[in-house]
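Build the full structure now, drawing on both the sequences and the hints.
Protein chains: 2
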Amino acid sequence: MPNITKATLSRLPLYLQYIRSSVREERTSASAIARALGLGEVLVRKDLSLVCEAGRPKLGYQTKTLSSALESILGVHQSVPAIIVGAGKLGLALMGYDGFAEYGLVISAAFDCAPEKNGIRYAGKTIYPLGQLAGYCRTHDVRIGVLTVPAPAAQEVCDEMIKSGITAIWNFAPRTLEVPEHVTVQQENLALSLAHLRLSALS
Amino acid sequence: MPNITKATLSRLPLYLQYIRSSVREERTSASAIARALGLGEVLVRKDLSLVCEAGRPKLGYQTKTLSSALESILGVHQSVPAIIVGAGKLGLALMGYDGFAEYGLVISAAFDCAPEKNGIRYAGKTIYPLGQLAGYCRTHDVRIGVLTVPAPAAQEVCDEMIKSGITAIWNFAPRTLEVPEHVTVQQENLALSLAHLRLSALS
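Chains A and B are the protein sequences, given in the same order.
As numbered in the numbering used here, residues 3 to 205 make up the first sequence, in order.
As numbered in the numbering used here, residues 3 to 205 make up the second sequence, in order.
Hints in this document: simulated from the structure, not taken from any laboratory.
Please read all numbers here as calculations on a predicted model, not as lab measurements.
If you only want the chain A side, here are some residues facing chain B, beta carbon under 8 Å, derived:
1. LEU11
2. PRO15
3. SER23
4. ALA38
5. TYR99
6. PRO176
7. ALA193
8. HIS198
9. ARG200
10. ALA203
11. LEU204
The C-beta atom is built at its ideal place from N, Cα and C for all residues, glycine as well.
As structure tokens, then:
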């Protein structure tokens with residue numbers, strides 16, 4: 003995909019998500035998408051023109067054609083494996099969460115340091131001891147990891163994940179992780195959302 | 003709390019979270035917090051001086067004093083009830099999630115339109131039929147709701163929540179909600195995080 007910058011690429015999931023979740027209409031347009039997402043119309047128009055040549059003035063895009071083009075560039079139909087480290091309540095919840103598949107990710111296993119969890123199966127996946135992380139990631143060529151351990155253990159577990167070959171970490175632990183340059187961290191902050199929610203309800 | 007602007011207020015949960023999750027040190031400082039959170043030091047120093055007068059040049063703050071001051075302003079020790087609408091996998095996961103209590107929120111009940119879920123208890127909470135939402139929220143003075151229904155149903159359920167008196171919505175459905183001005187939506191976007199995660203692992 004020539005000419006597609008990283009910035010454009012990072013907006014494509016947003017477009018795809020909008021198209022998937024919006025009312026099923028046969029056609030959609032850059033201006034409708036821009037409006038719904040609060041982005042500039044020129045920007046969206048340019049992004050979409052790089053992705054899909056089938057847009058027509060006034061008529062916009064066939065929704066199906068555009069979503070196929072986005073899916074193909076994002077590669078969502080080629081499943082990529084990911085693992086979860088930390089099989090607590092949140093980890094278990096994510097093991098059972100359906101949303102991964104829609105974006106081409108498959109949680110293939112979970113890891114936890116608690117001996118009593120070893121070997122347990124949940125939502126069709128097995129929980130392994132943390133000591134098997136490196137071997138598993140190498141054997142299955144896993145590069146994506148979800149981190150759901152308590153905050154005090156997060157950095158240590160993160161280091162372990164990176165040593166095991168993980169290069170993209172979805173971090174649910176409420177603390178900043180220090181990682182080398184080749185590793186990306188996607189920080190999720192549920193507790194912070196909660197605090198803001200509470201503030202806005204009471205203010 | 004005079005002189006505390008909304009902008010400052012919105013950063014306080016971040017400070018509290020950092021203090022709670024950082025290594026237990028007796029003292030902390032505006033510069034350490036600013037560094038860890040990637041914020042300007044002057045900004046953090048000013049925010050903290052509004053919250054807690056006990057900071058001392060060079061020595062910073064006693065961690066305990068500062069966290070108590072933040073907790074008191076944020077009111078995290080006064081539990082506020084919240085409800086979940088949509089008792090699917092994610093909804094159930096959040097029913098069992100511990101993190102709410104730390105920010106003064108208590109999930110008191112869940113609601114779902116599936117008759118087979120009515121009356122089921124999970125993690126100590128009951129799942130009620132959606133039709134009982136308004137009555138429940140009025141009786142228990144609930145103003146915070148977590149929305150975990152599928153995207154196509156989200157707007158309709160959102161409208162129902164607002165009619166029931168909810169003014170702060172934590173939306174996990176991947177679509178933008180239209181709400182009146184007095185209602186706040188905190189948008190959570192797990193699928194988007196996933197897509198970015200996948201992109202960064204493969205690029």
